[in-house]
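Spelled out, the chains give:
Number of protein chains: 4
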Amino acid sequence: SDLSIISKESVRATFPNREVTSHKGTFGTSLIVAGTDHMPGSAVLAAIGAIRSGTGKLVMATTDRVASVIASTVPEATFLLNGLERICQGHIPEKIVAAGIGPGIEASESVKKATEVLMESGIPLVVDAGAIQKRNNWKAKGPVILTPHPGEFSRLTGLSIEEIQANRIELARHYAMHHHVTVVLKGKYTVIAFPDGETYINPTGNSGLAKGGSGDVLTGMIVSMLATHDNYRDAVKNAVYVHGLCANIWSEKYSETSMVASDFHRLLPLALQRIERNK
Amino acid sequence: SDLSIISKESVRATFPNREVTSHKGTFGTSLIVAGTDHMPGSAVLAAIGAIRSGTGKLVMATTDRVASVIASTVPEATFLLNGLERICQGHIPEKIVAAGIGPGIEASESVKKATEVLMESGIPLVVDAGAIQKRNNWKAKGPVILTPHPGEFSRLTGLSIEEIQANRIELARHYAMHHHVTVVLKGKYTVIAFPDGETYINPTGNSGLAKGGSGDVLTGMIVSMLATHDNYRDAVKNAVYVHGLCANIWSEKYSETSMVASDFHRLLPLALQRIERNK
Amino acid sequence: SDLSIISKESVRATFPNREVTSHKGTFGTSLIVAGTDHMPGSAVLAAIGAIRSGTGKLVMATTDRVASVIASTVPEATFLLNGLERICQGHIPEKIVAAGIGPGIEASESVKKATEVLMESGIPLVVDAGAIQKRNNWKAKGPVILTPHPGEFSRLTGLSIEEIQANRIELARHYAMHHHVTVVLKGKYTVIAFPDGETYINPTGNSGLAKGGSGDVLTGMIVSMLATHDNYRDAVKNAVYVHGLCANIWSEKYSETSMVASDFHRLLPLALQRIERNK
Amino acid sequence: SDLSIISKESVRATFPNREVTSHKGTFGTSLIVAGTDHMPGSAVLAAIGAIRSGTGKLVMATTDRVASVIASTVPEATFLLNGLERICQGHIPEKIVAAGIGPGIEASESVKKATEVLMESGIPLVVDAGAIQKRNNWKAKGPVILTPHPGEFSRLTGLSIEEIQANRIELARHYAMHHHVTVVLKGKYTVIAFPDGETYINPTGNSGLAKGGSGDVLTGMIVSMLATHDNYRDAVKNAVYVHGLCANIWSEKYSETSMVASDFHRLLPLALQRIERNK
Ligand SMILES: Nc1ncnc2c1ncn2[C@@H]1O[C@H](COP(=O)(O)O)[C@@H](O)[C@H]1O
Ligand SMILES: Nc1ncnc2c1ncn2[C@@H]1O[C@H](COP(=O)(O)O)[C@@H](O)[C@H]1O
Ligand SMILES: Nc1ncnc2c1ncn2[C@@H]1O[C@H](COP(=O)(O)O)[C@@H](O)[C@H]1O
Ligand SMILES: Nc1ncnc2c1ncn2[C@@H]1O[C@H](COP(=O)(O)O)[C@@H](O)[C@H]1O
Ligand SMILES: [Mg+2]
Ligand SMILES: [Mg+2]
Ligand SMILES: [Mg+2]
Ligand SMILES: [Mg+2]
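Residue numbers (our numbering), protein chains in the order written: chain A, 1 to 279; chain B, 1001 to 1279; chain C, 2001 to 2279; chain D, 3001 to 3279.
Extracted from the complex, chain A is given alone in its bound form:
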């Protein structure tokens, strides 16, 4: 069958080796278009997800004000200021090997335009949140990964949330095959459907993730793993699995009620250790 559950062993087996002679160039530069003045935190959270997941460098395309907020939590990031506008104008920084767009920005014509510019670049692209807009086609020169939660998938497909939840696997797979994109349909048992119909179910995660901001971290993680994995499919599956694993580790000691998205800053180093060191 082309439906499987992601296993810890498969994540471990496909997780990139970090050669002793590696340098930041080895792990690529990631670009994330995120954050507006009334949703600055989503950009911070996407940046946290990215820098903790292995990318060599991170460029955040955002506003001046959001950049200051990010820099005080994630000093590892650099910035493309006036980022959304500049990407609309075709300005993509050099050496980007993976990109994401959407956290903390609302659907608009410029978001649509910027998404298209990125799709035409051939860079593997994660499309999330405000960038998930209905469109006739998702033709792109590189892999496109859509990460809708059921509400966003409803906006994308016109189906009701109830219909979607009743038929998550089939609908995600259908959309993926029809549009030649990867669909990460989020929620308990996140479904990952690839363009060829191969579909995966994620077993990790818990209600600690049922909070604003968890998805923004995931976007950063997928982008970062796209930058470090040879195979984009492994990157997507591994990011989704490890994201949920962080919540599982949290709940060993703390209340799920209390988990918040910025806790990933401390959880990712532990979660990835468990993957890499077989603990």
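Hints are computed from structural coordinates only; laboratory data are not their basis. In this text the structure is predicted, and so the values were computed from the model without any measurement. The reader is advised that the hints may include incorrect statements.
[What the hints assert, rightly or not] In silico lysine to any residue, SDA-like type, Cα no more than 25 Å apart, as pairs:
id	chain 1	residue 1	chain 2	residue 2
1	D	Lys3024	C	Arg2155
2	C	Lys2024	B	Ile1249
3	C	Lys2253	D	Glu3276
4	B	Lys1024	A	Glu170
5	A	Lys112	A	Gly90
6	D	Lys3095	D	Lys3112
7	D	Lys3141	D	Ser3110
8	C	Lys2095	C	Thr2026
9	B	Lys1253	A	Arg266
10	D	Lys3253	A	Leu270
11	B	Lys1188	C	Ile2096
12	A	Lys188	A	Ser154
13	C	Lys2095	B	Arg1155
14	D	Lys3024	C	Ser2108
15	C	Lys2024	B	Gly1158
16	D	Lys3095	C	Ala2166
17	B	Lys1113	B	Cys1088
18	C	Lys2112	C	Gly2122
19	A	Lys188	B	Val1020
20	A	Lys112	A	His174
21	A	Lys8	A	Pro195
22	A	Lys95	D	Glu3163
23	A	Lys95	D	Ser3108
24	C	Lys2188	D	Arg3018
25	A	Lys253	B	Thr1026
26	C	Lys2024	C	Arg2233
27	C	Lys2253	A	Arg266
28	C	Lys2134	C	Leu2159
29	C	Lys2188	D	Val3020
30	A	Lys253	B	Glu1019
31	B	Lys1024	A	Gly151
32	B	Lys1095	B	Gly1142
33	A	Lys253	B	Ile1275
Starting from the structure of chain A, add chains B, C and D with the ligands where the hints point.
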């Protein structure tokens, strides 16, 4: 009798279950109107209290400058900029299931107006600090919870602090019944009086809470628990109990002299774990 | 003799009890005038020292920009914006029971003026850093505590640093008696001389404190302890002792080379616990 | 031979003693020119490296906006605002005993000019990142330490990265001897070549450092150690060794994939403890 002491068992019994299939919508969106340029930290603290207590999403209605400060500590929050003014004009963001107003803002006509707009919305409302102003009636379409410390209760009732402290239970109950509101009269042995006269005493907490900012965290916690509890009475009692429990946990290791309100960021995940896991 | 070494037992014996029925009013409101745009961090550090040392509330008198920086680290603080100017104009916020001036501000006419306004208020006053300026008299309505390091004491007295270091006890005592102030002559074996000539030597501290910013934290701690102690002498001695104790605790686990002033944020809760719980 | 591997024992033997009677003046004031609005974090990271490595005081020469970002993470720093411009104009703050230039700034005429001003001052100078520009000579009144990664060394020498990596030791040594500078050619097995040809290989570090920002921390560490070591050679070797040791300590518990440059804030106190206490 209609006077009881809140017990750990009652908190545990009424604490909301987090279904495995939950998502951020399950736990509702909270709105808190808080913070001005000379009291930005109160808004940060209310936000900390809220995001750590279970709400699915948090919107902070505040000024531009305060929003930047909040975002660097609480990236999970989103913002209604120019928040106080916009709420005065009747603009309440969509899907709000619980609200609070007052931390870090001074009494003024616009605070009064914004409080009224919220009272008319039917959303359960916590009224704290600068929003605690004397008024003829507190008629509202939903539950109203006032959280005065004795000084604020004095301002509200015209009674002296001495009179209040000598007669905390009766006065809180009388005000609650007369005005059809819930009164949380804060201080050692916080009194919670409901509109029907049912009254509770909180046994938790210590002098570590006798600091500017503790009350702001409590406001955030009550709002967040209103968003996640079916019964607003349980939300209020549970928030007050857990707030004090955090201080008790603190003093297992650290000096009460040194506790500060931002310590709730680390204490709430432990305190709620003790409630939920019966430790 | 009127020369003694501060002992842990004396600190413990004079440390204020925190009554179970206390509230933030019990522990007083502190005011600290600190920080300029090129030295914002000193204000942050003074605020950390203050909020962790027991004061009920803290008002920082500073600039807009510095206020935003403080608020993101110390959300417990509130602000008197344009603080230095407003105090020069005689505006002292209500209910202040202890004050400090100097960290992160340079000597100037307005600092001198603000210092005088505070001296005339009768509020116990810590004078540090930029506020330590030579003057004919230090006549004040309340206790004045000067906290010079040897360089600042040289500026104050016209003596060379060598002369000062060769004769720390006598010179501190002489200045204190002559000017009716308390002199805290900092450095290894800090000397505390009171106006009547009683003099103390502090045994705690190590080279981890030999860093820019340590003194700013001490200023905040003394102000905060002035707000909570009945006797200003105990406040000064206890603050100096506990300040050094924090460095001693640090060096149980970490390198003194690496200690920085913001580490007091985590050390004070442990240090005060040891004092209060006889550990 | 004049090629050796740095050993833990040699670092320990040459690490400065911190006299009990030391004060912040004992450990010198460091100056770092770093950060622009689109790369603020590099300045934060250089500041973290510096304050955790022993310097008595730290002045960051930077922009207004970057200063606010630094201050919220590193309150120990003070600022020379409009720093790059003011240094170009010859304004070097008083008492600077060690300096660095480059993190988070791009190559430009003013960077070149500021570098020259510093070179003429006789202050030991670390030249990194944007300040590493090709030039006919590096004539300076004090030691100059260049810290290129292979890409920067390629820009400096005109050689390809492949040529450089194939011949790291000889090329670093040749450049150092020819230009009378110290070359720290970074990467796995960092090469340190002194002007007289003496050359060292660093054995510490791992792929956790293969991330944007690690080099910025190193710059801060070298500057800080220059301020505290009598011999600039020991400062450079010790900083490089300890920088890598931090990554080794990290990987005892956490994934190298997840390490980020701001983790040095917590790692340096442990790493220096191991050096100083022989653990
Ligand atoms: N109850 C749950 N169990 C497991 N994962 C969840 C749960 N709720 C939310 N998540 C995950 O948290 C993230 C939420 O994304 P978003 O809705 O965009 O913030 C997604 O990765 C979801 O799969
Ligand atoms: N001595 C104390 N014992 C228990 N709780 C306290 C004590 N002092 C303050 N609190 C609590 O701390 C909060 C202070 O609120 P506020 O005065 O608005 O900052 C309230 O929840 C009080 O009940
Ligand atoms: N070597 C040392 N031993 C003990 N205390 C020190 C030492 N160096 C500095 N201090 C303390 O650190 C603070 C420095 O203040 P300042 O010079 O204003 O930053 C004072 O409280 C000093 O007493
Ligand atoms: N694979 C690696 N092993 C050891 N050290 C490394 C490795 N990758 C990078 N580094 C160090 O990390 C820093 C990177 O500097 P930069 O390229 O300027 O950010 C330098 O100190 C390098 O020596
Ligand atoms: Mg989302
Ligand atoms: Mg309050
Ligand atoms: Mg000082
Ligand atoms: Mg670099």
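Hints versus structure:
1. Lys3024/D <-> Arg2155/C: OK: Lys3024/D and Arg2155/C at ~17 Å, within 25 Å.
2. Lys2024/C <-> Ile1249/B: 20 Å, holds
3. Lys2253/C <-> Glu3276/D: 12 Å, holds
4. Lys1024/B <-> Glu170/A: 23 Å, holds
5. Lys112/A <-> Gly90/A: Status holds; Cα separation ~13 Å.
6. Lys3095/D <-> Lys3112/D: At roughly 23 Å apart (the allowed maximum being 25 Å), Lys3112/D and Lys3095/D satisfy the hint.
7. Lys3141/D <-> Ser3110/D: 20 Å, holds
8. Lys2095/C <-> Thr2026/C: Distance of about 11 Å is within 25 Å: holds.
9. Lys1253/B <-> Arg266/A: The hint holds at about 22 Å.
10. Lys3253/D <-> Leu270/A: 8 Å, holds
11. Lys1188/B <-> Ile2096/C: Holds: Lys1188/B and Ile2096/C sit about 24 Å apart, inside 25 Å.
12. Lys188/A <-> Ser154/A: Judged against 25 Å, a Cα distance of about 17 Å means the pair holds.
13. Lys2095/C <-> Arg1155/B: 17 Å, holds
14. Lys3024/D <-> Ser2108/C: 24 Å, holds
15. Lys2024/C <-> Gly1158/B: Holds, at about 21 Å.
16. Lys3095/D <-> Ala2166/C: 24 Å, holds
17. Lys1113/B <-> Cys1088/B: It holds: about 6 Å lies between the C-alpha atoms, which stays within 25 Å.
18. Lys2112/C <-> Gly2122/C: 16 Å, holds
19. Lys188/A <-> Val1020/B: 7 Å, holds
20. Lys112/A <-> His174/A: Satisfied, since the Cα-Cα distance of roughly 23 Å is no more than 25 Å.
21. Lys8/A <-> Pro195/A: Cα-Cα ~23 Å, so holds.
22. Lys95/A <-> Glu3163/D: 22 Å, holds
23. Lys95/A <-> Ser3108/D: 21 Å, holds
24. Lys2188/C <-> Arg3018/D: OK: Lys2188/C and Arg3018/D at ~12 Å, within 25 Å.
25. Lys253/A <-> Thr1026/B: 23 Å, holds
26. Lys2024/C <-> Arg2233/C: 23 Å, holds
27. Lys2253/C <-> Arg266/A: 21 Å, holds
28. Lys2134/C <-> Leu2159/C: OK: Lys2134/C and Leu2159/C at ~12 Å, within 25 Å.
29. Lys2188/C <-> Val3020/D: 7 Å, holds
30. Lys253/A <-> Glu1019/B: 19 Å, holds
31. Lys1024/B <-> Gly151/A: Between Lys1024/B and Gly151/A the Cα gap is close to 11 Å, so the pair holds against 25 Å.
32. Lys1095/B <-> Gly1142/B: Cα-Cα ~15 Å, so holds.
33. Lys253/A <-> Ile1275/B: Holds - the C-alpha atoms of Ile1275/B and Lys253/A are around 13 Å apart, at most 25 Å.
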